[in-house]
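Using the sequences plus the hints, can you model the full thing?
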Amino acid sequence: MPADVPDTWAQQPGAQGPSVDLRSWWTAFNDSTLNALVDEALQRNLDIAQAEKLLEAERQLSGRQGSSYLPVVSAGGRPVQDASGRHSFFHASIDASWELDLFGGGESEERLGAAEVGGAEAKQQGIRVAVVAGVVRNYLDMTVANWQLANLQKISALDQRAAHLAKVRSDTRLANADEITNASLRLQQGQAEIAAMRQTAAQHARALALLLGRAAPDAAWATAATPPDLAAFRLQQVPADLLRSRPDVREAEAEVLAAAARVGIARAALYPRLSLAGTILYSHNITTNRSANNNYLPSIGPVISIPLFDWGRLRAEVKAGEKRMDASLLGYRKAVMSGASEVEGALSTYQIEQDRVAALTNANQVLSRKRDMQRRRSELGISSAFESIDDEQRSLETSSDLTLARASRSLAFIALYKALGGAPLTPVTEEKP
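Residue numbers for the sequence shown, in this note's numbering: 1054 to 1486.
Don't take each hint at face value.
To be verified - Calculated lysine-lysine pairs in the DSS-like style (CA-CA distance at most 25 angstroms, straight line): (1) Lys1106 - Lys1220; (2) Lys1207 - Lys1376; (3) Lys1176 - Lys1387; (4) Lys1207 - Lys1220; (5) Lys1387 - Lys1372; (6) Lys1176 - Lys1376.
If you are wondering where the hints come from, they were derived from the structure by calculation, not from laboratory data.
The structure displayed is predicted, hence computed values, not measured ones.
In structure tokens:
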């Protein structure tokens, strides 16, 4: 199905590094714990399980599409009384009919069933994409929060040292009360930040547990304080790949095909319907309890139904179906354009965060060298303890900024492969009759 997509992306993450597999993109973080969590989510997530059941239901119904144009056989029986009321009869019959698909109604029904299955598959794949991205994002946010918590505790320990030194200086009349107040205030603010960060880590842990179908987070997650990081990678997907990989584009395409099939069904209803019908009727006189040679009455012949006058209802249904198909085509184009825009936005964000990581890495190296020089000066007794504490705090804060920048770069990577529709494909299972 044609769509307006560019030939190449406006921005690329770079030509260095290996390409990332769209179906297992999270392995680029090289984190075995993360890989295991994604596998568990794909097996136990309740949204995925629910979507699989709905997909199975659509497949069951799809196998019955077009059955109205197959031979149908039925049997029945009922008591009957004659007009005089003197005799009662029991009638049993076997009826068979076969409507001929002369104008494509049966084929359109089969296409509709296939389109509905395709839409259900796209929805199920969309849920898998969202679940995988959610697991990776929450795991990353949780580990970053744990790392930040440990970093804030180190800063708090330095604040405690600074508060103690301020008190010593105050006791020796070398500092005023404001210095003690400021040190105490900074210490209390640090404790508040620690409490907030602990709550943030717990929130992401609960969100991760929900995605895994667990009732509560794993206690071991609280010790995961090493955020996964990315190496350089090369994007091998081109814009045209969105037509195959993005679930919302595939779902929009299925909606177009379903709308076209419904138009075909509506057009077939404009024409005469021809069926072959046959009946074998058996009649037994209950009153006399006697059988006769003429108890069996067979009949066979064509049945034709011609829509002559319906106040324009059938033609209105055709026109309405065509308008719905036009609307679904517009929805398909919008889905493709939105997907391309989302990918471009993620690529732009990734590049910005990549530049930010590079700048903060350089700043961290400069501060590291300055901290080493300050440590040597302190050992030689030519600098104060306050200067040493201040340099250590600045180093920890810069390290925190660098970790957050790396996390933002990883989040942009997650958004990129979510926009590309990255997730394992739905496993194909044998349909049971």
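Now for the hints, and whether the structure bears them out:
1. Simply put, Lys1106 and Lys1220 have alpha-carbon atoms about 67 angstroms apart, too far for the 25 angstroms limit, and the pair is violated.
2. Among the hinted pairs, Lys1207 with Lys1376 is inconsistent with the structure: their alpha-carbon atoms are about 65 angstroms apart, more than 25 angstroms.
3. Only pairs whose Cα atoms come within 25 angstroms are accepted, and Lys1176 paired with Lys1387 is accepted, the gap being roughly 17 angstroms.
4. Using a Cα cut-off of 25 angstroms, the hinted pair Lys1207 and Lys1220 holds, with the two alpha carbons roughly 20 angstroms apart.
5. Using a Cα cut-off of 25 angstroms, the hinted pair Lys1387 and Lys1372 holds, with the two alpha carbons roughly 23 angstroms apart.
6. The hinted pair formed by Lys1176 and Lys1376 meets the criterion: a straight-line CA distance of about 24 angstroms does not exceed 25 angstroms.
Violated hints, listed in ascending order, are 1 and 2; each of the other numbered hints is respected by the structure.
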